[in-house]
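Novice: Letter by letter, the chains look like this.
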Amino acid sequence: MNNNKKVIEVTNLTRKFGKFTAVDSISFDVYEGEIFGFLGANGAGKTTAIKMLIGLLAPTSGKATVAGCDVYKQSEQIKKSIGYMSQKFSLYEDLTIAENISFYAGIYGLTDGQISEKTDLLLKKLNLENSRNELIKSLPLGWKQKLAFSVAIIHGPSIVFLDEPTGGVDPITRRQFWNLIYEAADNKKTIFVTTHYMDEAEYCDRVSIMVDGKIEALDSPTNLKSKYDSYTMNDVFIQLARKNQVQG
Amino acid sequence: MPVVEVRGLTKKYGKKTAISSLSFDVNEGEIFGFIGPDGAGKTTLFRILTTLLLPNEGKANVLGKDVVKDYKYLRKHLGYMPGRFSLYMDLTVEENLKFFASIFGATIEENYYLIKDIYSQIEPFKNRRAGNLSGGMKQKLALSCALIHKPLLLVLDEPTTGVDAVSRKEFWEMLKRLKEQGITIIVSTPYMDEAVLCDKIALIQNGSILDIDTPNDIVSKFKNKLFSIKTYNKYLAIKSLESYEYKNSVYPFGDSIHYSDKRDNTDNDVLIQFLQLCGINDCEVNVIDAGIEDVFMFLMKEKRHEQ
Amino acid sequence: MRTFANFILKEIYHITRDWRSLLVLICIPVIQLFLFGYAIRTELNEAEIGIIDRSKDYITQEITNKLISSGYFKLNAYVENEKQIEHLFKNGTVKEVIIFEPHFATKLEKEGKASVMLIADASNPNIATLVTSYTSSIIRTYQLELNSKSIKANTIIIPEVKMLFNPELKSVFMFVPGLIALILMLVSALMTSITITREKEMGSMEVLLVSPLKPQMIVIGKVVPYVVISFFNSMTVLALSILIFRIPFEGSFLLFTLESILFIITALSLGILISTIANSQLVAMIMSLGGLLMPSVLLSGFIYPVENMPLILQWLSYLIPAKWFLIILKGIMLKGLGIEHLWKETLILMGMAIFFLAVSTRKLKIRLE
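In order, the protein sequence lines correspond to chains A, B and C. Quick note on this note's numbering: the first sequence kicks off at 1246 and runs consecutively. Quick note on this note's numbering: the second sequence kicks off at 2 and runs consecutively. Quick note on this note's numbering: the third sequence kicks off at 927 and runs consecutively.
Bound-form chain A, shown alone (with noise of 0.2 Å):
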């Protein structure tokens, strides 16, 4: 992490709908190896700052590069790039292990071998080669969220953007899930992490809050509490989005 390559640069990124400013020049940087928290309320504006970073969404206007590639002109190029994993959608129920897995690596255009080679290593590290022919709905929870982050990085991208990956997870399963996501920042993946569970956001290197379209807070959790004078990043956010509240 001691490396200053920026793999996010995002610079007065705008997005309007009609008459309403959703994402309202927002500027950032995000390097490589870091976990990067992206926090914010419903409706600050954070799904559609990410729909522009993954090339869903055009931007009004503003510049911004993801792994190199312009938003504007390269979104299939960033698509390649990126893996993504979300808490409501990530692996089909009905199919097996097995099957999620290559059903994904296909997707990325992965060979017949590699598939294979890749299935039995990521099989091998989470302890399921015996359960590789068992349906993903019979799993628990929180193994299928080890599982799904496995997959969403099975094509090496170098930026991985996780939605919500541990809401609802038990406290244990949860710290394996973090211990996954920290090996990959060692192993130089960018961690994009969105979410509005506050304690997810503690495990982030560096967090910022949007509140009403705006970055509103950017900095390590450490020092978030230390400038809020908070014991958490919950007390943070509140303080935030209620300052907000009073002004608007």
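FYI, nobody ran anything at the bench for these hints, they're computed from the structure. Each statement offered as a hint is correct.
Some, not all, of what chain C presents toward chain B, calculated at C-beta under 10 Å:
(1) 939
(2) 944
(3) 1125
(4) 1128
(5) 1130
(6) 1132
(7) 1133
(8) 1135
(9) 1138
(10) 1144
What the simulated footprint calls covered on chain B by chain C, stretch by stretch (three residues with Cβ under 8 Å from a Cβ of chain C suffice, anywhere in the stretch; the number is not a length):
(11) 49-56
(12) 101-111
Computed cross-link-like contacts, DSBU-like style, restricted to lysine-lysine with a CA-CA straight-line distance of at most 35 Å:
(13) A:1369 <-> B:231
(14) A:1470 <-> B:263
(15) C:1126 <-> B:151
(16) B:170 <-> A:1261
(17) B:66 <-> B:77
(18) B:240 <-> A:1324
(19) C:1140 <-> B:127
(20) A:1325 <-> A:1433
(21) A:1369 <-> B:248
(22) C:1289 <-> B:73
(23) A:1382 <-> B:16
Just so it is clear, CB atoms sit at the ideal spot from N, CA and C, and this is done for glycine as well.
With chain A's structure known, arrange chains B and C on it following the hints.
Specialist: Structure of chains B and C alone, referenced to chain A:
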């Protein structure tokens, strides 16, 4: 007499056991919290208590009535808020409230005093459709709807899931005021940090209760010395501590690492020295009090060893 | 009662808020009526005919001229003998063949009557009716002309109509009773099953069950508005088909209404039954469309005559409520039959209604499982 009295309650779906042999009491005027991850059995338990499901074994009395036989009585006197806010999104705020009042044969006017505190915050939007409300406002409306028939017991299934931190805080403040009005509340949540807001909590995992007590008594049961370790290189520190021969548990915990040792007399310096040997020179070690989440993990591990 | 009224009010809110669906619900029957109606009822324009003239006298010549100059018909060929007719029809070259009997003029003068045979290709029953009725009316006009100026006042030309391939002219006008049955089935069964499973899917069913409301009340409350809509729809279709398409309505309107209500109850119970099985709106929709609507269209005799189907399908068709309802509607509307002729079908329908109602209310759950 307890408001809820549960003995040996078990529910199976086919071969899968959703909750196994739960026993607990909820006393009048308490906020009783069920804390546990998704799939722990919270929703199944709440559905049995609200007469929506039949247990396979065991007994549950709510308000002194049997949940199986006296479901008609209970359905008049329970207030229930299921996991997803069960509002009608195409109806306005006021229409929702009116509808839920009317199915209990109540009117908004007669029980307005009970919801005034909560409903007055969304009343300016009473002609707005529920679907167009923010998460926090939906939550307030759903609570108003569950309260409008003046229930004797309020059952709230994960009311704070999916709402932002500010709304969560406000919601707990509302529950506290309802408690002051004498309403008994059972609530479930996957957020460990909400445990301290309850009078009594049950930690629940895989369909069984790990522990029931007041939040304070639960954390005092954590007997090990707990260290908080802060370092810039968390991943290396975790890996190193995992392989440390004296380690009892190592967990990343937000921006720090929580570590407990097998030895009784470990102190900060021992750990700092060990980590220095592993190439970590920037660490800051403190002894801290355990939180609910530490206890939860401790109990989970203990339970696994038993099995 | 106030609770119940409120429940229905809430359902009406749901329906009116989603005005697009409501519009579709109301417009589809009307659109279908016009589609069916106009597809069947085309204006005649130079329909090709063949003529077998065994008389070849001045009267048959005059009638032929009248027909052709009317603009409705075009003479394709003089046909030599009757054996060729079937061939001509099968080729589709002519729609109708007119046969004048031998000594037409002589007979008319001496006996005061002569007959002409109109043979139509009734494989398209609609056009067949049209051509024969146009031909008959042209001949009748000619006969009147003849009477007014001729010496003998009471000569009669008798057109004998014969329908080839489909002697009973099935399916003409049949589309209206068929359409009414379909609409009642569609709105009552499909919409009922969807609206109930929506509550399940949204999770609001949980809250409704944890209230003093009885499950029967929940279901009836949800269903009533749709009964009104489907009844309104069938009345619109009936009114439009009588006013615009001049479809005959011979029988009792009261009987029509009562039988429709009976059918609606059957369809509703089927819809409720589906909703007790299905857990999502999608499943409910597939079950209603595949399990109810398709069989109602295919096996009721609405489009394909049941008599021509394999025996197994014929037996299956006895299980389709729409089949019996169609027989009843046809009887009332087209033949003017009363209950004395339709009691058997009515009893069968009633039996089905009671059966499905009993099964579906038994299956209603007071809990989630």
